[in-house]
Amino acid sequence: MNMTLSIKDIQAPIADEMKAFEQKFRQFMKSEVMLLDQIMNYIVRRKGKQLRPMFVFLSAGVCGDISESTYRGGAMIELLHTATLVHDDVVDDSNYRRGFFSVNALWKNKIAVLVGDYLLSRGLLLSVDHEEFKILKIVSTAVRELSEGELLQIEKARRLDINEEVYYEIIRQKTASLIASCCAAGASSVGAAKEVVDKMHAFGEKVGMAFQIKDDLFDYGEDEIGKPLGIDIKEKKMTLPLIYALNHAPWLEKRRIINIIRNESHKPNKVSEVIAFVKESGGLRYAQEVMERYVKEALALLNEFADSPHRRSLEQLVQYTIERSK
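Just so we're aligned: 188 in full-length UniProt numbering is position 188 of the sequence shown, and the numbers increase by one with no gaps anywhere.
Keeping only pairs whose Cα atoms sit at most 30 Å apart, straight-line, the calculated DSS-like set for lysine-lysine is:
no.	residue 1	residue 2
1	Lys-110	Lys-234
2	Lys-47	Lys-214
3	Lys-296	Lys-214
Beta-carbon label-pair distances, calculated as ranges:
no.	residue 1	residue 2	range
4	Ile-7	Asn-303	17 to 27 Å
5	Val-33	Ala-300	41 to 51 Å
6	Asn-269	Glu-22	44 to 54 Å
Everything labelled a hint here was simulated from the structure, so no lab data went into it. For every residue, glycine included, the Cβ atom is placed at its ideal position computed from N, Cα and C.
Take the sequences, apply the hints, and build the full model.
Okay, structure coming up:
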């Protein structure tokens, strides 16, 4: 597959819908309160690659004809997800998101938390006003899982002895549940049968797992762009390459590395030591294989659907998420 594929090419079958979505989404975000309206405009302006709405619209196109419901599904996911991101930045005391100032950095924590609440209520009202209860259930379940995954990670991170099973559970909830809900919401919005919605959910979950493992690999500087090298190690996050390496290391070596992560992860030379240890243990190769297995399983599910421009774009989007360089 050629990697010259850009987001723009992949978007081709849904280009008009994505344009219309942007307008509709701005309308959904409007508020009478000037401060809120200002912040909403700021949030809308700093949108990223828009992978989430793309998953919604392409999944809808694979399963049927894109409808008003699809726009609402896309908007609900954006509203609820943006709410969790705004809250996340407050929790992490983070001043930037994707190179922009975070809401809490510009307007203080109290306002950021209230903005998150506002976004949540907009998402809920959008679904209730139009009786989109199936999509509401899909999206709300994803938000519940996001929170559970975050809390599970916090609970386990203190101990630094996560096994692969716990790691998969954390990323299934924290990352995969979101992409799964995009695909399921898209399918549901065009009136697909329950088993079809479930199949799209499973497809999205596998893509999400691969997406997160790709993110883990960035930490080891396979590409020198994207996030800073070793940031997960500094933040004492247990990622798949590291978990594999630790589980296959002699006891003393394992203790030494855990000790570095626990006590010396603020020292760049020590972080480099951990990175070298993971590379030598075959942790990266292993994570790469697991990622490719998830992609293969995802594409196998997708291939059960009839061929169409939407399906081809969705395949390309899957490739894009794992071949991206940031």
